[in-house]
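Chains as they are written, first to last, in full-length UniProt numbering: chain A, 1 to 235; chain B, 1 to 391.
Just so you know, these hints were derived from the structure itself, not from any lab.
Glycine residues also receive a C-beta, built at the ideal position from the N, C-alpha and C atoms.
Honestly, I wouldn't trust all of these hints.
Covered by chain A, per the in silico footprint, the following chain B stretches (three or more residues, Cβ under 8 Å) [said to hold, decoys possible]: (1) 19 to 31; (2) 39 to 48; (3) 194 to 202; (4) 241 to 251; (5) 299 to 306.
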Amino acid sequence: MSVLALLLAGPLQSWGSAARFARRTTENAPTKSGVIGLLAAAQGRDRADDLSDLAALRFGVRVDQRGTRLRDYQTAHHQVTEVSMPVSERFYLADAVFVAAVAGDDPLIGELHRAVRKPVYLPYLGRRSCPPARPVDLGEYGESDLEEVLERVPWQAAGWHQRRRRQEPVVTLETFVDATSGDTSPDSLRDAPLSFDPLHRRYALRGVRTGRVQVNNPMARQLPDHDPISPLGGD
Amino acid sequence: MTRTILDVHVLHTVPPSNLNRDDTGAPKTALYGGARRSRVSSQAWKRATRHAFQELLDPSELGTRTKRVAEFVAERIRDIDDSVSQDEALTLAAGTITAATGSKIEAPKRKKADVEPAAPESSYLMFLSSRQRDALAGIALRGRGDITAFFKDKANKDEARRAADTHHSVDIALFGRMVADGADVNVDAAAQVAHAISVHAVENEADYYTAVDDRRKEEEPGAGMIGTVEFNSATLYRYAALDVDQLRRNLGEGMREDADTTTPVRRAVEAFVRGFVESMPTGKVNTFGNHTLPEAVIVKLRGSRPINFVSAFEEPVVENGGGYLRGASERLAAYIPGIEEAYGADEDTRTWVLRVGPATEALAGLGTAVPARELADSVGAAAAQRQAGDR
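Here chain B stands alone, though its shape is the one from the complex:
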């Protein structure tokens, strides 16, 4: 089987900012190469990427996370067949979800007796994609006669389980799902995101501020309040890898025989590349206005294993009057061919380079130059094409 693996490398400069802070409010850091670096945790950037999906994808490609799964599936049951009453639909949905995930669906207890009984809920938030919802509603309708007896049949129960365990939404397929009490419907994430670290040594700084009270009288001089906010500025190296084969498994092969199986993969790859490259964690963004975009992006599509280039920055880049970007670009340009030659790059590796400004010139020779608006489409199409050739 041909493997399809994508790695994404980003150089991204942020001005004074505090994207991701620790429990004292200071920007997160880590030692690397013996020097203190600015750090943005993987979970912070994954969250930012997920948020970007809301702009990039249709709601039907994302999932719905809710405790009111029974109501959610019942609605679909009644869409398909409006002869089903609301109560019956809820019973069918609850029975199907229990069979599919092994978790109980019960009406929450109400403290006051006069409140109407609520619809049954799951005890934790469940994440269902629209295709999973459709499939579960269809199965529920087939068991309309006697839903309990219907799921006594192992074949039916297995079908419900499979329905909850394939055709995941794009965000779940990429970043995984953890379910509290149904470990067999967990999803192994297809994407791996590393903590972003600065390519250079960083010391956090503190900004001392005062705020004026507009209505304070002249006889009470002084500030309304004072405080400090910590920040740093950094040129970050950001890295993520995507196992496109795993992504395809998570998204599921087409439900119908004639369904186009590569479209979901292509859409998910595009969303991942764009979402990861263009997103920014929201920490203190209103204080610092650090809405910057990456200066350089390198994407590689390979067949054996992803390669992380962070070692290029193990020795911190030193500032020489022109910022860190030029030095970082030169480091990458020297490092990438070196490591790929030493460990044998796959012959069919494809490389895309998106870069901005003269400081990133060193990267120009590494791959196909591509403008920002074409990067994701071009990578998505190539990944899907490679997948299509493999069946």
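Chain A on its own, in the form it takes in the complex:
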């Protein structure tokens, strides 16, 4: 079993799991369907191709920098007649950074790692207009499990964000990992991809276990012990 870690960072990202028609929402963290889609595209699979091997990978994501929600209002005009089309609302996560990881058999993970470094279709973060701002590849971890990797990968938040939290030598990050059969009452999300065939996209429910991991803050300030009494020379 090995694990491929991915860095999902960019000014804008958008991960919809229930987005339809004129209101395109985003979840607070990357969806399994979005990340599997990115991997399948990197390998050059077509939309109608089988993806059961990818869907079977264990998936987890860590929120390294939460970002803010952005509502974008979009109008469209007919190219020839200039008649207005229905207004649509699109939601994005601005300024967010995530670490996503997939775990599976070594050969498949190795293949995906090569694909991410040399993708057939151009990668994007949930929506085509959201290209990644930093290289997506965070490396392959052999003989590891998913949870372990989400704890081990160093904090990927931007420098300014790490400095802003310099008072915290250790930060706590939320994780969302595929639930296992032992989990009691996991959350569920309809984002386990069955098929990206544009004629009939299908997604299954996925159990999601929410957790927390702690990582070091490399920008943490090393403060001297706070001792206001000793300078006064008292006992």
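Given chain A's structure and the hints, the job is docking chain B onto it.
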């Protein structure tokens, strides 16, 4: 297979303006690096780029978007063979389009009985390139005997489908096509355009204005109307990537054996580079007159994956009395070699640099200097050459 990927990076300063506004009329913004930035959405700049194509390309390289596809194809049928009557041509065209796209072509219902029956139409706008139109007309003519029976033959039907699904026009090949009820004739766009954001922190400002009523009498003083218009000024970082291999697939290999296959790709790359670099969304342009051109353009032709340099501006550039352009150029000049070294640049990467003025001097060493009028031609030729070597 050698991959051919193009990325385009633009520094573009706009004076007070409102290129792309939200539902309250304010210029769009986004937080990045913890600071508020001016933002122009990808769709706004794609639309501007498409509009620029009308100047840069021949109408035959663009498509026609119409509901009256049957009439459009029928005209071509009669061009090829003038013994076909208009009614027959319409029937042949409608049958062929239905076979090719799976959508119904019907005469729209008229409310008044005395109006002449209209030509059949599709229920939504269809986009056909001139080469698709030619191919469909040719197929229709071959089924002249009995068009319904003709398309019962699977080979004929498949040929019609292929005709509608290859040889897309340049704009469709670049930006994609979505068809409401024929998902298999959708086209995956070859270009990827990011939202443009300012390299520095921006606060929107509001201009309070009054307008005088010229014919108002002196006993009724005061303004004819008042209002506010929001604006900002920004040095934008604009980024787009183009998958030239995908572009070639969308444009289709030559229809004839002897056709020059690299010309459509070269033309499309040139149009994309020029259109993207030189275009400007039209929002409030008559109010602000913000017709500016980019101060710096970097184009890279690579083999593995595109690289977006927006992270160079994650920490907002600070104004130091000389605007933002110098700081932004210095940031890029330091960032690009750093990231390419860290992640291994492809050895055969080619870089072109177009720059204006002393503030962009830092960028000079990054690649081949090229004047504006040669940039698109030079990039297009290199992309086509790389494609030609790969077959």
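Discussion item. Can you confirm whether chain A covers the segment 299 to 306 of chain B, using C-beta to C-beta distances below 8 Å and requiring at least three such residues?
Written reply: holds (count 3)
Worksheet item: Counting residues of the segment 19 to 31 of chain B whose CB is closer than 8 Å to a CB in chain A, do you get three or more?
Response: holds (count 5)
Worksheet entry | Coverage of the segment 194 to 202 of chain B by chain A, judged on three or more residues with CB within 8 Å | holds (count 3)
Worksheet entry | Verdict on chain A covering the segment 39 to 48 of chain B, criterion of 3 CB contacts below 8 Å | holds (count 3)
Discussion item. So is the segment 241 to 251 of chain B in contact with chain A by the C-beta rule, three or more residues under 8 Å, or is the coverage claim wrong?
Written reply: holds (count 3)
Every hint from the earlier list agrees with this structure, and none is contradicted.
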